[in-house]
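Place chain B on chain A using the hints.
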Amino acid sequence: MIKVFHVEKDDYSHAGNVSSQIKKELKSLGISTQLLRNIAIACYEAEINLIIHSYGGDITFELNDEGKVILKFDDVGPGIEDLTLALTPGWSTASKKAREFGFGAGMGLANMKRVSNCFEINSAPSGTHLRMEFFEE
Amino acid sequence: MIDYVLDSCNHCLKCVKVCPTEAIRIVDNKVVIDDHKCIYCDKCIHTCHKGGLKVDNSHMSLTFDDYDYKVALIPTSVFSDFQSEEEAKVMFKAIEKLGFDEIVDYSDVEGALYLKTIEYTEKESKLKLTSFCPCINHLIKQQYPMLYEDLIPFDYPVEVAAKRVRERLKDKGKVGIYSLCDCVAKKTLAKYPFANPNSQIDHAMSLSHIFPKALKLKNDETTSFHLCQEGIQSVVSDFYHYGQGTRSLVSVSGVDHCIQALELAEFGHLDDIGLLALFACQGGCIGGRYLWSNPFLGRLHIDTMSCYAQTEVASLKEEWYLKEHQLDEEENMSMKEKMRLYNKINEILENLPRYDCGACGYPNCKALALDIFYQKASIHDCRVKKEGNL
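If you read the sequences in order, they're chains A and B. Sequential numbering from 1 applies to the first sequence in the working numbering. Sequential numbering from 1 applies to the second sequence in the working numbering.
Bound conformation, chain A alone (with noise of 0.2 angstroms):
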């Protein structure tokens, strides 16, 4: 199964929204809360990630037949400057307005990469392409 979903930049106010319906997705399957712990929480990374960051883009929800979560967030642009520092805990070029809404401190793709059972990244001004698994180990 494969759904795919719309965000678009600078959209504060429906911050989260995808991550809630991939969420409640995941507890109708039934998944242990644990797995589902680190989902919710990387997915809400990276959704708010698109909406701070980058000029847009797409997250795709997929639960292949064995059960595996994959989470893919592809944006249009900018891009990050230096992924090696972005991966670092602590670092952020979160702007004031996304600071105010209590985001953009710094531990998203770390966050990320900590919960994922695999985790790829890779950047280019043309659009930063992330691609999350998880699954029961």
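Careful, some of the hints might be misleading.
Have a look at the derived ranges for each label pair, beta carbon to beta carbon [claimed, not checked]: (1) B/Leu115 <-> A/Asp65: 50 to 56 angstroms; (2) B/Leu115 <-> A/Thr88: 39 to 45 angstroms; (3) A/Thr88 <-> B/Arg168: 41 to 47 angstroms; (4) A/Ala124 <-> B/Leu115: 54 to 60 angstroms.
Derived from the structure by calculation, the hints contain no laboratory data. Where is the CB? At the ideal position from N, CA and C, for every residue including glycine.
Structure of chain B alone, referenced to chain A:
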């Protein structure tokens, strides 16, 4: 436990749509509530303009003979209904005259647990959730299971108060404890008529059921009450920012607001907060639907009563209030089986219109799909599909 008491309903679907946990179906023109899903938030009771939904009350005169000594437990929130000290004293006496040997207002227990909750949070490093409100605890257990273990490991104040009364009155023979309730959720905790064998509370009645009976017995006689300032703070959801400590406290009231906060908590977005104080009723327990006043004026009344709050918080034994909140064992179903089930239900759902109109009596198409899968409903129950095929 919430029962539909009318012969038939006019299918307005208001209760079906308002239920936050999708616990309601309309089957053969009757409202059917799934007790496993119901969190006793009372939204359906409130929304039914025909007044068709009710929760049982224990019968006093029919049960009084079962006990040697009868105690009425009165919650702090009742003080939001009184406008003067005199009025409270007269009403307490009138309630006693209904046939109780003693009335116990457990404001000091509510206050003690309020302080202990803040103390407990101070010792922790992660987000904790208050465990005062039965409705919220049901909600978390059912809809936000990954937060369930973050509940403060305390029992409900009313249960703790009942335990304390039992210990004090152990020489009085068979003690019957009657909880007078401000809300639906608190009422459903009792042993009778709600089948909770482990409860310390024998019977429960709503305050709005008791008040008219007590009013008839009201005269100049008075009795004392034992109001505690921290007890008041607890029931008006008064958790201000940092309490006495270093960890931040955030207070949320009303089911919809609580759901909003719990969604964020699940995303880890509230991890910097120390304690989320959650109350299903607006404004805290003073918003309970069995109180006479509204929570807005009620807040004024109870704050005015603060000057009579002379009672210290209760000293409680740990064994009375410590209670771990642990989820029942998860179903032993493999991921493959879960996937198969999930895919089958989604296949059925694909064949439904997915307008979530509710005309079939289910809150949405997914709920109907689930019952079609379990052969409790059929695809012909879908009105949209039926009309389309004509």
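Hint check results:
One distance hint, 50 to 56 angstroms for the beta-carbon pair B/Leu115 and A/Asp65, holds here, with the actual separation near 53 angstroms. Between B/Leu115 and A/Thr88 the beta carbons are some 41 angstroms apart, a value that agrees with the proposed interval 39 to 45 angstroms. Between A/Thr88 and B/Arg168 the CB atoms are about 59 angstroms apart, so this pair departs from the stated range of 41 to 47 angstroms. A C-beta distance of roughly 56 angstroms is found between A/Ala124 and B/Leu115, which places it inside the suggested range of 54 to 60 angstroms.
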